[in-house]
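Asker: Sequence:
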Amino acid sequence: MTTSAVSSKAESPVSPSTLDLTVRPVAAADEARWKELFRAYRDFYELTPDETIVERVWGWISDPDHECRALVAEDSDLGIIALADYRTFSRPSAGMTGIWLDDLFTDPEVRGSGAGRALIARLQEIAGAEGASAVRWITAEDNHRAQILYTKVGTRTRWVTYDAAAVAPEA
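Numbering (this note's numbering), first residue to last: 1 to 171.
The hints are simulated quantities; they were obtained by calculation from the structure and are not laboratory data.
Just so it is clear, CB atoms sit at the ideal spot from N, CA and C, and this is done for glycine as well.
Just to be clear, a hint being listed does not mean it is correct.
So the derived label-pair ranges between C-beta atoms look like this [stated by the list, open to error]:
1. PHE44 with GLY79: 40 to 50 Å
2. THR161 with GLY79: 27 to 37 Å
3. PRO25 with ASP142: 24 to 34 Å
4. THR18 with TRP159: 29 to 39 Å
5. MET96 with ILE138: 16 to 26 Å
6. ALA29 with PRO169: 37 to 47 Å
7. LYS35 with ARG158: 16 to 26 Å
8. THR151 with THR97: 20 to 30 Å
9. ASP77 with PRO169: 46 to 56 Å
10. ALA94 with THR18: 37 to 47 Å
Make the full structure from the sequences, and use the hints.
Answerer: Dropping the structure here:
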């Protein structure tokens with residue numbers, strides 16, 4: 001796929017039956033396409049373009065000792081069409097760990113293809129294999145299209161998320 005395919009606003013759903021999807025861990029050879037999709041993910045959420053962040057996150061997922069890992073969904077003809085960045089997190093209240101899905105993004109040209117569902121299903125398998133109790137993620141309140149899938153594959157919780165700015169310690 002070309003860069004223009006990623007940045008296109010037009011979405012033409014592809015039938016899951018027309019794709020030959022494989023979900024696998026990201027590899028060094030995937031760098032250019034992962035970065036392309038990650039930039040598009042950041043654009044989708046209207047984040048300020050920042051190559052430092054793109055490079056930093058690629059460095060994290062490329063480092064086998066870093067907590068951040070990544071999967072890609074790849075079609076035999078189209079190549080990599082989606083990504084999922086994730087990590088293990090502690091769940092003290094449950095006395096267990098979980099898998100936190102930080103980023104999930106499918107190329108707009110192939111949304112509806114089953115790639116997002118396949119990535120989440122693989123994360124559920126990873127969670128089971130690692131003894132984690134859940135796969136958890138958040139999405140924007142107005143990301144209604146994604147929520148259609150998320151309601152099918154998971155349970156919407158009652159928890160509300162807050163962020164507090166970091167404050168430098170006084171010297």
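Asker: Just tell me: holds or violated, for the beta carbon distance of ALA94 and THR18 against 37 to 47 Å?
Answerer: holds, 40 Å
Asker: Starting from the hint 16 to 26 Å, judge whether the C-beta atoms of LYS35 and ARG158 obey it.
Answerer: violated, 36 Å
Asker: Determine whether the Cβ-Cβ distance between ALA29 and PRO169 falls within the hinted range of 37 to 47 Å.
Answerer: holds, 42 Å
Asker: Could you tell me whether the CB distance from THR151 to THR97 stays inside 20 to 30 Å?
Answerer: Once the Cβ atoms are compared, 24 Å apart, the range 20 to 30 Å for THR97 and THR151 holds.
Asker: I want to verify a distance hint. Is the separation of the beta carbons of PHE44 and GLY79 within 40 to 50 Å?
Answerer: violated, 20 Å
Asker: Falls inside 16 to 26 Å, the C-beta gap from MET96 to ILE138?
Answerer: holds, 19 Å
Asker: Do the beta carbons of ASP77 and PRO169 sit within 46 to 56 Å of each other?
Answerer: Since the Cβ atoms of ASP77 and PRO169 sit about 53 Å apart, the hinted range of 46 to 56 Å holds.
Asker: Can you let me know if the beta-carbon spacing of THR161 and GLY79 is within 27 to 37 Å?
Answerer: holds, 33 Å
Asker: Holds or violated: the 24 to 34 Å window for the beta-carbon distance between PRO25 and ASP142?
Answerer: holds, 31 Å
Asker: Could you tell me whether the CB distance from THR18 to TRP159 stays inside 29 to 39 Å?
Answerer: With Cβ atoms ~37 Å apart, the hint holds.
Violated hints, listed in ascending order, are 1 and 7; each of the other numbered hints is respected by the structure.
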